[in-house]
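Undergrad: Numbering (the numbering used here), first residue to last: 144 to 430.
Only true hints are included.
Cβ-Cβ distance ranges computed for the label pairs, FRET-style:
| hint | residue 1 | residue 2 | range |
| --- | --- | --- | --- |
| 1 | 148 | 194 | 44 to 50 Å |
| 2 | 170 | 378 | 29 to 35 Å |
| 3 | 170 | 388 | 22 to 28 Å |
| 4 | 197 | 262 | 16 to 22 Å |
| 5 | 163 | 197 | 29 to 35 Å |
| 6 | 197 | 232 | 15 to 21 Å |
| 7 | 305 | 381 | 24 to 30 Å |
| 8 | 157 | 388 | 28 to 34 Å |
| 9 | 252 | 305 | 17 to 23 Å |
| 10 | 252 | 372 | 26 to 32 Å |
| 11 | 163 | 335 | 29 to 35 Å |
| 12 | 381 | 282 | 51 to 57 Å |
To be clear, the hints were calculated from the coordinates, so they are not data collected in a lab. We treat Cβ as the ideally placed atom computed from N, Cα and C, and that holds for glycine.
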Amino acid sequence: MIAFEEYQRLVSPLRVFAVITLTPLPALIVVLLLAAIPLQSPLLSATENPTYFIQSWLSFSVITFGMLLYMRCALALPLTVYSHQQCALISLLTAGANELVMFVISVVWRFPIPLRDYVGAPSYTAFFIFFHILVLRGKLRHFYYRIREYLPLYFAQVSTFFVFEGVAILFRNSPVWVKTFITISYPVLRAVLRRILRAFSHSLEDISTETTICVVEIFGSFFQNVCLQSSCSLPVSGFIILVDFSLALLEVWIFTLIFVLNIVHQGTDLSLQFNWGQILKRPPCSQ
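Using the sequences and the hints, build the whole thing.
TA: What follows is the structure, encoded as structure tokens:
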């Protein structure tokens, strides 16, 4: 935010507006293209739903690619070690191999697979590690200790996805009073997860903490939208919107307060440095 504040001072308001408006555009285009893939009825068998697995493969490829870009930036890996092409290749191979496993399970067991994300998590993790070893070979051996520092944060971050998904599943299959309780406790769950992730990333001393907190908010908002869509009660839906809106206002107020306090603190430090500089440069008083 401080860097963006500095950017606003250097460019025109029109360029700032364009950056804010167009930043979500690539992700929106990808989502629309994936949604445009025609799907068959889920009542048909897995062999009669090829586009379902194609859409899932492309979706997980995009998700994996975005996750790899974040991990590469967090580890400060140079492009000579971990290029964009290698990120894309690992993403496509990981998602493709895992989708083949899901297809086999769908044929042998049932389609659609119940709790598919939970069932596919072990195989996805195995393929993710395997294709990193296959594509990158020994390029990451010099970053072993750095990677080991980030692994707890990475797994904690991924686990938030499954936590929120479990809450959404519970919400969908619960009576009204349980849905109301989940809606009330949802902000508490977010706060607890943020505190846990801060504990994991505190020792890293970089921007990983705030980046991970943003991931909590993204996952939380996504599955809260899922809860809203699955709610058949108008009062519960209105209550979800009210709680989410109130929480958003509170978070914006807190963030603005912290941001202003940081600016004031930095300004105070700069003014003190300036005053001391003037004092040190002042010539001695004449007798």
